[in-house]
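Chains as they are written, first to last, in this note's numbering: chain A, 1 to 325; chain B, 326 to 747.
No lab work stands behind these hints, which were simulated from the structure alone.
Treat the hints with care, since some could be wrong.
[Said to hold, decoys possible] Here are the simulated EDC-like pairs of lysine to aspartate or glutamate, each with C-alpha atoms no more than 16 Å apart in a straight line:
hint, chain 1, residue 1, chain 2, residue 2
1, B, 562, B, 593
2, B, 731, B, 493
3, B, 468, A, 136
4, B, 468, A, 131
5, B, 492, B, 602
6, B, 359, B, 656
[To be verified] Stretch by stretch, here's where chain A covers chain B in the computed footprint (C-beta under 8 Å, at least three residues):
hint, stretch
7, 372-385
8, 401-409
9, 425-435
10, 438-448
[What the hints assert, rightly or not] Chain A residues, not near chain B, derived (Cβ > 12 Å throughout):
hint, residue
11, 68
12, 94
13, 172
14, 181
15, 184
16, 202
17, 247
18, 290
19, 299
20, 305
Where a beta carbon is used, it is the ideal one built from N, C-alpha and C, also for glycine.
In case you want the letters, here they are:
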Amino acid sequence: MIGVISYLVFFTTVASILAIAVLGLNLQWGNTGLFNGGVVAFFGAGAYATLILGGTPQADHLGGFELFYPLALLGGMLAAGLLAWLVGVLTLRLRHDYLAIATFGVAVAFETLMRNAEGLAGGAKGLRGFERPLREALGDGFTYNLVFLAFVLTLLIVVYVFLGRLIRSPFGRMLRAIREDEVAAKSLGKSPSRVRLTAFVTGSVIMGLAGGLYATFYAFISPQDVLPILTFQIWAMLIVGGAGNNAGAVLGTFIIWGGWTASGWALSRFAPIEAQLYTGTVQFILIGMIIVGMLMWRPQGLLPERLVVSQSGKPENKHKTGSRR
Amino acid sequence: MNGNSMKRAGFAAGLAAGLMTLGNAAMAQDCTTKIGAVLPTSVDWGRPIAETAQYVVDQVNEVGGVAGCQIEMVLRDSQVDPKVGVDAAKALVDLDGVKVLLGAVSSGVSMPILTSVTVPAGVMQMSCCSSSSAFTTLSEEGKTDGLWFRTFATSGVQAATGAMVAKEQGITSIAIMYKNDDWGQDIGRIIAEDFAALGITVTGSVALNDGAPSYRAEVTEALRGQPEALYLALYPKEGIAAVREWISLGGTQKMIVANALKSDEFRDSVGLQFLGDTLGTDTASPRVASADAFVTQYTDRFGGAPNGPGLANSYDATMIALLAMEAAGADATGDEIAAAIPRVTDPNGTPITADGAGFAAAVDVLKAGGTVQYQGATGNVRFDANGDVSAPAVIWGFTEDGIEEKRYVSLEEVDAFIASMN
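With the rest of the complex left out, here is chain A (with noise of 0.2 Å):
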């Protein structure tokens, strides 16, 4: 039973990174309207940032700066934001495909560059050397494993209510017009490209949040770790989960990659020993055919976005909305 519940433990770990930057990408697409190709680029930014600055010292590459892992994590963070103020004020000028092939060449050249920068980020060995924090303390086994799920539940959590304020907010109408008529948005006088660009920069720390917990929950990360399958995964579970709504988005990753790994599973357990070794290929036709009945039946999602009315109508909330407008 307790294989169970650990197996249970180390899924949901996973599970609730993803869903972390899940919710990044539904700022940036589900909200905005910004079609963000390049996902793992900002993952990557975030989880090789956090390792570099929270490793310890390794004998052929920077790193190794031994920080407090919070401090880390921040780290990580910002040079997610970094990296999307850089790729934003050059590419946010594009629209939908457009910017969709940018930002997926963006993460193209991220993993290439991490492949070859050995000084930099260990090449295509890849990044190690993280000592797991309070590891004295909880040891190397479920106990850890637990805490370190309260950790990434904790910040999931904040995540999701930051989020949910957030597009509650005048400024999360402020996106919704963007989204829907940019020019309309601007003959009100607002100022389109300044918002998009920060709901860019904040959805990508946002991923870049989740490639440190990321990195630091496997206490390694490598050029194999960001790659574009990536990126279709966590879009794959934004629009299976619904764009536009974050209990949808979270919802899309747990089903998703319950989906991903449980057929693994399944097919390992049930399939004939003749068929096991299609397994993979198996999977692969099972998740795209999810994927494609998702998109033809219910576009929308499983939980779609509710659009709701700026003005809800009740007095104290009219005053104040009113005044904030």
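Starting from the structure of chain A, add chain B where the hints point.
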């Protein structure tokens, strides 16, 4: 605290495994022990590696299994995605209660499995094919708890043999093209140092990324120094594309290639007429009967010679893991199995062959308290303190019928040559 919780986890896992075997026992009247495998079965060259591992399990089951129990290998696909591989490994350890994990192939997948799953859970991990030097460093830092082993000789042996070939051919200048991953970067760096130590000029060292539509730019760059010869540490897919461009642009046909290009696909796609001067290196097939036996039995079983990368290594990894489980006895922990490895790879032990009969012979010797020397498909495997193997080498070439060994370089010769360069 740690020890306690681990023991508790181990006890529960044992209980769970016990309950599962109860169910099976009712059907089959005997017990089953599970081992885990995380291998990239969705990749073309990964599937034969998994087939080879399963083949070993079948052979051992035919002669009665391990410690009286049949072995069931639970195979999970890593999809060459670290997240997926780590999750699969965690599920195998927690849900199936395996004490031995085979895999993975890519170092980028093996490493997070090692740091976040097998070492914390005290499970022995044996990889056929991960080559990164990072594992050696990790082990030197004492962070693998002696649970990590690999049957893939580190890139040092491979590179040294390549350098030896170049020296014997009287080559004075050479270009290097390597696959841009951990394996390629390691081997490209080591062989460049080896060439320099031998006074051979390296005119250029070029990295090739996976899946590029054309390697013309890289090939042109490698051609620029007008080298006498070319060294290739590539996989067949990039190798075929790059060598075609290389030859069409007038590059030399004097090529030295690492073991990953030891493939019929490469020979057929490039064309034998261009590969007459090509020599390859590998760390397999030493002059012992068991190695020939491996080739024969593999050919019988799969209808083709074991020419893909990592097959002999996968065979040995699986067999050694099962031998160690036998030596450690029923219900052994991962630590105990790892500690039993020297008993089955003892240079002074009774020699046993790499097949079902060899396993059966080992069972008798081990039961009597003796030790055995496993003479495997990659030779007399012996692990050093970091779980690494050294190995004899072979130099091979392409022929009409496939791939032919040109010369056998014994372990002593390899070691002497490596020492001569330092």
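Exercise. Among the hints numbered above, which are violated by the structure, and what are their numbers in rising order?
Worked result: Violated hints: none; all satisfied.
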